[in-house]
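Chain order of the listed sequences is A and B.
For the first sequence, counting from 1, position 397 maps to 397 in our numbering; every step adds exactly one.
For the second sequence, counting from 1, position 397 maps to 397 in our numbering; every step adds exactly one.
These are calculated hints, taken from the structure and not from any lab test.
These numbers were taken from a predicted model, which means no experiment stands behind them.
Positions of the beta carbon are idealized from the N, C-alpha and C atoms, including for glycine.
The reader is advised that the hints may include incorrect statements.
Unchecked claim - Subject to a maximum C-alpha distance of 20 angstroms in a straight line, what follows is the list of computed SDA-like cross-link-like pairs (lysine to any residue):
no., chain 1, residue 1, chain 2, residue 2
1, A, Lys95, B, Arg97
2, B, Lys95, A, Thr137
3, B, Lys5, A, Lys95
4, B, Lys34, A, Glu103
5, B, Lys2, B, Glu352
6, A, Lys126, B, Lys5
7, B, Lys282, B, Ser109
8, A, Lys260, A, Asn299
9, B, Lys52, A, Thr51
10, A, Lys2, B, Lys34
11, B, Lys102, A, Glu142
12, B, Lys95, A, Gly100
13, A, Lys126, B, Leu130
Unchecked claim - To give an idea of the chain A side of the interface with chain B (calculated C-beta under 7 angstroms), a few residues:
no., residue
14, Asn41
15, Pro72
16, Pro76
17, Val77
18, Tyr94
19, Asp141
What the hints assert, rightly or not - Derived list of chain A stretches under chain B, where covered just means 3 residues or more per stretch with a C-beta under 8 angstroms from a C-beta of chain B:
no., stretch
20, 354-365
21, 382-396
There are 2 protein chains.
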Amino acid sequence: MKYSKLFGRTRHTPPCDADSVNAKLLTQAGFIEKLAAGIYNFLPLGHRVLTKVCNIIREEMNAVEGQEILMPALHPVDIWETTGRRKGMDEILYKTRASGDKEFVFGPSHEEVVTPLASKYIQSYKDLPLYVYQIQTKFRDEPRAKSGLLRGREFGMKDLYSFHTDEADLDRYYEIMKGAYLNVFNRCGLTAYVIEASGGAFSDKFSHEFSVETPAGEDVIIICKKCGIAQNIEVAKDHKDGLIYGKTLEDLKKGIPCPKCKGPLEEIKAVEAGNIFKLGTKFSEAFGLNFANNEGKLNHVVMGCYGIGTTRLVGTIVEAKHDEKGMIWPKSVAPYLVNLVSLGNDEDVLKEAENLYETLLKEGIEVLFDDRDAGAGVKLKDSDLIGIPLRIVISKRTLESKGVEWKERTNAESEIVATLSLVKKIKEFQK
Amino acid sequence: MKYSKLFGRTRHTPPCDADSVNAKLLTQAGFIEKLAAGIYNFLPLGHRVLTKVCNIIREEMNAVEGQEILMPALHPVDIWETTGRRKGMDEILYKTRASGDKEFVFGPSHEEVVTPLASKYIQSYKDLPLYVYQIQTKFRDEPRAKSGLLRGREFGMKDLYSFHTDEADLDRYYEIMKGAYLNVFNRCGLTAYVIEASGGAFSDKFSHEFSVETPAGEDVIIICKKCGIAQNIEVAKDHKDGLIYGKTLEDLKKGIPCPKCKGPLEEIKAVEAGNIFKLGTKFSEAFGLNFANNEGKLNHVVMGCYGIGTTRLVGTIVEAKHDEKGMIWPKSVAPYLVNLVSLGNDEDVLKEAENLYETLLKEGIEVLFDDRDAGAGVKLKDSDLIGIPLRIVISKRTLESKGVEWKERTNAESEIVATLSLVKKIKEFQK
């Protein structure tokens, strides 16, 4: 893509109402544009990142036998009354009156849809376990929509629902899903911790959150980097049993060791990037989702649900991966792998840059070519702000050395690489 | 995918409330499931088709320099008041009151979002032309939601918006887009005609519809199959000039020849599958979307918009491609290329079928393996209903001939193909 044609330019300054690092950087770099509080447009660069994040999630869900479906956003209110959540979640539900004066709810979650849907296909234990997921848009009327993509009123989400014959099978899959979630975050370049959490409106049962370490996180969690156990401060204070539960915040500040491995405990700032819930039979009871066991007796299906905010994950990556110059995209989710930049108006430089752009395209390398008629200062500053992993600069100086300047976003140093070996080196870098 | 594990089974009978061929067949075959009038779940088979349809559209939009973005569904009402469409489209708008009592509209279209968005990036003629599109969910409160996926309250849509310096440049791109649209329909296995249409709420200007020939279409159009000109009966009656305009329905019934090529005119039933509009400066005037021309003078940007309903297109394909036994998917959008079916409980048959399934997966061939313990009648009937292009049957009889039964969905005849040459033959079929 040529930058001169790209929809969504960098700005000199971040928007004055940006309330977080991710909103500031993503908007300033032309990845997103706010329509209203908690409601964002994704421009081409942002859309490319979001697509890559979704595809990583999709691959990991498919790998644990998730089947992709797509459920509607518009829900007849009666299914929300069946579960009591029409009242229980009233404050965050967007409601509308359709023709005929029927009330509809815009789905903040899909247990109310997936459970009766599953009941049409689940009859016997032979139909279980079953795992279905969607990547879809959710609506929640957050009174305090804030933190850019971290807490939106309209946001993308992957939600997977699992259906089991019994708690033991749910427990088995729940552990598998923990691994799948850690894979997702790891592939997005993040360090995530699994922490026990209260389920809120979604569950009275056991649940876990996945917290990603970021300097500007909303939560404070206690972690042991040696053995990996982690706990939310608030939850830790409430619990009387378990690993690091039962310790007061004051205890923890005194530097007590990890009760599991005796390693040092640390407090870090983190952002919640996903959560998983053991729903049990709450929803299957509400909708009569039963199965016949091997003796023909009807039992309630046992359910779990597993969410990752896709747009939130894009924001989380920015929160975790940036410096004072701009964003630093991991290769796996970067909008482009290479940012090709031509400096100056020398005809040979422009010609060589154009040739190299064509070569990289032919080689199937994702490249954003800054072909603007702009000064070196602007172009290099924008390149850092956008945060593409590899910057390749062509200038009169590099041409004289029959090479290009190679600079990785995570590395302060640059080097001259011979043009002839460039494609090979990029392909190695890509791995 | 093994059919025994698939979410979404065939039913013995279609749902009693199915009001169209597409709703009947897609539901009976387990591709979709209705949640409410005009609101559908997409199950794995339906989701696979939808994904393929979206990817074809995406490729064709990218080929005409469209840049993919994603705009929100939730719109502050003031942008709809700016254009007067808060009142003008009142009947079909879903509205909601958010916290703070602000009114929001769920977007039935996105001119109100894309125009102010574009105004943040378009300054001079150098920023034009610009083409942006999204594949996103739309909401329209259709009082008569009907015809399955053809007229939904919640539906998928690709909407592209083009921005130009003048009418001439819009005209140029408009013709390019006609070609892109015909490519989309052609790749989906459909025969589409471009017809002039009235723009309704979307435009006071020139617009065209793309009509796809189907036996159960909502519209009647007049076509000349020799030269390809086409016209909606209603529009033809109103017009006084042009090719077949000015002829009354009665004239046409008398069998007058095509005014362009003298070929015979026919009336066919058709479904509208896409539409394109020359919006002119209606929206750029409303939102002050201007550009500086090469003399520095400010002009209104000239706009076009181009829609294809993605979920509607899935329904249209079914309307156009089915027989009394079920659906007939074109290879390009079929949920799977091959439906592998084992018949009987002979151990050698089961083993060979399992081996062949593994082989096809390894070869990267998309295969749905009907591994159920069910009778031949049920399995073959379901295979026809689901409509996968190629059915491969393994039975005791085919094993004896060291082959499999090869039957294409569009062909009444079957043949025995040697197992050894099967993969090669499937790969040829796939092309």
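So, going through the hints one by one against the coordinates:
{"no.": "1", "hint": "A:Lys95 - B:Arg97", "result": "8 angstroms, holds"}
{"no.": "2", "hint": "B:Lys95 - A:Thr137", "result": "17 angstroms, holds"}
{"no.": "3", "hint": "B:Lys5 - A:Lys95", "result": "36 angstroms, violated"}
{"no.": "4", "hint": "B:Lys34 - A:Glu103", "result": "17 angstroms, holds"}
{"no.": "5", "hint": "B:Lys2 - B:Glu352", "result": "15 angstroms, holds"}
{"no.": "6", "hint": "A:Lys126 - B:Lys5", "result": "9 angstroms, holds"}
{"no.": "7", "hint": "B:Lys282 - B:Ser109", "result": "15 angstroms, holds"}
{"no.": "8", "hint": "A:Lys260 - A:Asn299", "result": "39 angstroms, violated"}
{"no.": "9", "hint": "B:Lys52 - A:Thr51", "result": "16 angstroms, holds"}
{"no.": "10", "hint": "A:Lys2 - B:Lys34", "result": "44 angstroms, violated"}
{"no.": "11", "hint": "B:Lys102 - A:Glu142", "result": "13 angstroms, holds"}
{"no.": "12", "hint": "B:Lys95 - A:Gly100", "result": "14 angstroms, holds"}
{"no.": "13", "hint": "A:Lys126 - B:Leu130", "result": "54 angstroms, violated"}
{"no.": "14", "hint": "Asn41", "result": "5 angstroms, holds"}
{"no.": "15", "hint": "Pro72", "result": "5 angstroms, holds"}
{"no.": "16", "hint": "Pro76", "result": "5 angstroms, holds"}
{"no.": "17", "hint": "Val77", "result": "10 angstroms, violated"}
{"no.": "18", "hint": "Tyr94", "result": "5 angstroms, holds"}
{"no.": "19", "hint": "Asp141", "result": "5 angstroms, holds"}
{"no.": "20", "hint": "354-365", "result": "violated (count 0)"}
{"no.": "21", "hint": "382-396", "result": "violated (count 0)"}
Checked against the numbered hints listed earlier, the structure breaks hints 3, 8, 10, 13, 17, 20, 21; every other hint is satisfied.
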